[in-house]
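Peer 1: Given next are the chains, with one letter for each unit.
There are 4 protein chains.
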Amino acid sequence: MKVGFIGLGAMGSAMASNLIAAGYAVTVWNRSDAAAEKLASLGAKVARTPDRAAQGDVLHSMLANDQAVREVFLDGGLLDAMDPGIVHVNHATISVALARQLSEEHAKRGLGYVSAPVFGRPDVAAAGKLNVLTAGDARAVDKVRPLLEVMAAKLWPMGEAPERANVVKLAGNFMIVTAIESMAEASALTRAYGVGAADFIELMSNTLFASPVYQGYGKAIAEQRFAPPGFALPLGLKDVMLAQEAGHAERVPLPLAGVLRDSLLQALADGAEGMDLAALALVSERRANLDQRNRS
Amino acid sequence: MKVGFIGLGAMGSAMASNLIAAGYAVTVWNRSDAAAEKLASLGAKVARTPDRAAQGDVLHSMLANDQAVREVFLDGGLLDAMDPGIVHVNHATISVALARQLSEEHAKRGLGYVSAPVFGRPDVAAAGKLNVLTAGDARAVDKVRPLLEVMAAKLWPMGEAPERANVVKLAGNFMIVTAIESMAEASALTRAYGVGAADFIELMSNTLFASPVYQGYGKAIAEQRFAPPGFALPLGLKDVMLAQEAGHAERVPLPLAGVLRDSLLQALADGAEGMDLAALALVSERRANLDQRNRS
Amino acid sequence: MKVGFIGLGAMGSAMASNLIAAGYAVTVWNRSDAAAEKLASLGAKVARTPDRAAQGDVLHSMLANDQAVREVFLDGGLLDAMDPGIVHVNHATISVALARQLSEEHAKRGLGYVSAPVFGRPDVAAAGKLNVLTAGDARAVDKVRPLLEVMAAKLWPMGEAPERANVVKLAGNFMIVTAIESMAEASALTRAYGVGAADFIELMSNTLFASPVYQGYGKAIAEQRFAPPGFALPLGLKDVMLAQEAGHAERVPLPLAGVLRDSLLQALADGAEGMDLAALALVSERRANLDQRNRS
Amino acid sequence: MKVGFIGLGAMGSAMASNLIAAGYAVTVWNRSDAAAEKLASLGAKVARTPDRAAQGDVLHSMLANDQAVREVFLDGGLLDAMDPGIVHVNHATISVALARQLSEEHAKRGLGYVSAPVFGRPDVAAAGKLNVLTAGDARAVDKVRPLLEVMAAKLWPMGEAPERANVVKLAGNFMIVTAIESMAEASALTRAYGVGAADFIELMSNTLFASPVYQGYGKAIAEQRFAPPGFALPLGLKDVMLAQEAGHAERVPLPLAGVLRDSLLQALADGAEGMDLAALALVSERRANLDQRNRS
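Protein chains in written order, with our numbering: chain C, 1169 to 1464; chain S, 1169 to 1464; chain X, 1169 to 1464; chain Z, 1169 to 1464.
No lab work stands behind these hints, which were simulated from the structure alone.
Careful: at least some of the hints might be erroneous.
One copy or two, either will do: identical chains are not told apart, so a pair holds if it fits within one copy or between any two.
Said to hold, decoys possible - Keeping only pairs whose Cα atoms sit at most 30 Å apart, straight-line, the calculated DSBU-like set for lysine-lysine is:
1) LYS1406 / LYS1322
2) LYS1387 / LYS1322
3) LYS1297 / LYS1387
4) LYS1406 / LYS1213
5) LYS1170 / LYS1406
6) LYS1170 / LYS1276
This is chain C alone, in the form it adopts within the complex (with noise of 0.2 Å):
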């Protein structure tokens, strides 16, 4: 099977590694070409173009928003340049409408087309171990399957329409976001009345909470450790309001979304542009006044 892999960034190249690994023949173009060189190493043929990576059964792309997608595959002619009967399986986290656009301009073209947005972080990505949503013809998802595998802990199919594996992942995102919000302003709570935030985190994300989200932002809350960005700031506010644009095309109100842009966009007001979700933390306690208090 001749696989492409469009878009190598820390994921993406993670990914492309394990197709390698294998034993699949895999063609991989990124805009710059470091990344691209560092695949090579590993046995992958490097394109100079992206329509040199669409010329075989698969193309894999893991680009970084709607905007690189669009650049790429819309504007930039690739859908057009695509061999005749080969599956993109889309790994970004992009919009549904975005997602629903793809799936119609694909169909046109009697191109394949797989929304499989992944859960995981790059250590994960090079382990193998990502969760991978799957959504789109039933056929082309049992093309690709064994692909997919390669880099999965698990699959998790939602269906035929591809927008249903974006709305999930933003689903998801929102839910992340969500939870670390409500670490910050718990632990804002309880440290005005003197217990430290690494104290009360402890105890929750040891017990009820006794999960890798909790953990590892909670962690980073009781460490006040925000930098560098595990998941930056920035790109969680754009899954918040990707989650809120996504409810008003379906006209699904999500009222936690409102309260967690505002405090996203407190937090860049606040100059926390490089920093990780975790410093939604700092919110919390500016809103409370606490470092003043503490002084005081």
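Position chains S, X and Z against the provided structure of chain C, taking the given hints into account.
Peer 2: Just chains S, X and Z now, kept in the frame of chain C:
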């Protein structure tokens, strides 16, 4: 060591049973007799008035709420009838205001006071696996530690000011309700795109959020099983309001709590009085008019 | 007609003065003496204890809040010392819960009870131009109408259940605080684009929102003049919380009130204890970090 | 002076009519012909293509939204076909992002650009009594001032950056929607206590809030008259979202806007597509389940 236990609801009965099983001489009192009879059959001495249970080394109480605690200890005069030198271990989920008041009233009378609210449902209490928060004078806490260890998976010390344990309990319950509302809103969103709540929640509660709270309430949401209540919705509202009160007293804004309060109130307006907190899912569905939509 | 008046703050003094000026025989009582002396100079008889003011046909009271009303009428025993057949006209902004309780307690004792909260500041009260809400038994209201007309631009009858007038007063104050928060947020937005608050508010308060609330608080925001307070910020928070309580009792969610509560709390955390409600503008500015931004 | 006018909806037609009545030679263009014919009968010259309306001294446009403005001026190429030296006066309520883009695109081509959004409904436009915001290069504004004065009760200059007038318009509309939601929530609260919306709103809109917005929408709420729409609910949602977008671009949190967005979305989910913004009252009533309650 002579031990008293007041308040024999499902939680209190299980906790007192474990003290008896561990060999302590336990005198129990409860407003209604049936629960006390059951403890008597396990070896407890039954007191006809609360003051009879308060003649010993330690008095545990596990009453329903602020009002019940006030009625027994303050208005009912129990504080003035307690054995001098006794330590009162209060397990109830009460307001920080009442915790502060009780702390003062005990101190005035030379009585020991330890706040020891717990996390865990009756089955966890029966198994002696509660997570027990403790806050109070160090010597008083030391004295009651062996008793608490009988009930606990682990003790979590929160310092000397008793209200610290209470604010931590309230902050934890606030996080529980937030987690449920988060699943409720996210499920409504994915359902509007055709993804069933069961599929979505199975994914979330087995991956990023693989923890008791998400798994327990998530299952109830996925199965639309809202009665009988494990954590009754009106009690969840009570605790969110106590968290807001605690925030108000120390000027800590809690934007998520405002959202929770209104969703819970809407649930009650819609008739969820006898339902579990998981019934927040119904509010998110009605807000998006999902039933109507699916019918048409 | 013999009239008593209890509670001689700025509002009560102005209202009592108008009753005296209209020719009524007025006996006044106040916790501290200075205010009573001033009324004496206008012709009032000064009572040394509240019950002496309650021997006549009508007793007006204008106390600060629930606590003050409870202390005088319930805990202080005034209800049991009032002239049988007297009608008590309660002008205070109190909770609906207390209004209901007072209504019952008066009824038990055969005393008349009229809720008559007012809209208007001290200067409006002095001019006899208040808007006076009335609710209570029709005969009781009829009896006190001539007195109320002395103080009022207009009477606004709200039915027989006394708490109706109180809930209307609280709903009105909720609308006032919302209007201020609305100007605060909108001004922060326009200011971030370089439009001064003064320009923006001059436009709004002279066109679409040409009304006393927007003009009064708008002027304060435009001029950044937050002290001395006209409507003190902590009292605004108290009233928003009473509106929430009233909503809770009848299960009416008030999403805007949740936002107001947190903004007001943040204002207090930032030191606005002695400021006017208009200081909500400072919270919106800090939330967007406008000062920092303009400095850089 | 030769004047063009593009976009002849209810507002545009009224504004163009006033220019004709004031003696200006006006060439009009509209997507559909009927509206243009009516203007022709008043003396306008009808252009068959938009560029024919753009050959003169000033071009006014009053198009529906961002999309319509983009289609005509950017995608449709009108910008490239305009008379050099013409000043374009854009009356539409558009995003600040589009306002900034248009400002740049006009500047690149040496064309004048003035943002001039208006407050006022069609009847106010017909009477030449609009409140007209202006922002743009001072000479351009000076040139078009006589034309704007024909339409206006008053001009409100907001500086040279065109988007300033747009952000003020959006902030104003945000305040309008907040005022309506405020009446909606407050009326639901008082109605739960038995006070009719009509009584409550008559009080508020004749005293503290005696201004056009509260009186107009208040009357609609009191009379439960939600169609035909004066200000259509979906347009209100659009404007709240544009205010949020403007806040996002400059990192200004707008907590009230989050509440408004969800209430409006819930209204649409419940079928208020064709209703007026006043239909927010229905959402508050459903949230408290008032109808059900009254029935039982």
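Peer 1: Now, for every hint given, state plainly whether the structure supports it.
Peer 2: Cross-check of the supplied hints:
1. In this homomeric assembly, LYS1406 and LYS1322 come within 30 Å of each other (Cα to Cα) only inside a single copy, at 26 Å, whereas the closest approach across copies is 40 Å.
2. Proximity of LYS1387 to LYS1322 under the C-alpha cut-off of 30 Å is found in both arrangements, the shortest distances being 26 Å within a copy and 20 Å between copies.
3. Taking identical chains as interchangeable, the C-alpha atoms of LYS1297 and LYS1387 lie at most 30 Å apart whether they share a chain (22 Å) or sit on different chains (24 Å).
4. Proximity of LYS1406 to LYS1213 under the C-alpha cut-off of 30 Å is found in neither arrangement, the shortest distances being 33 Å within a copy and 48 Å between copies.
5. In this assembly of identical chains, the alpha carbons of LYS1170 and LYS1406 never lie at most 30 Å apart, being 34 Å within a copy and 46 Å across copies at closest.
6. For the homomeric pair LYS1170 and LYS1276, the shortest alpha-carbon distance inside one copy (23 Å) is at most 30 Å, but the shortest distance between copies (48 Å) is not.
The earlier numbered hints that this structure contradicts are 4 and 5.
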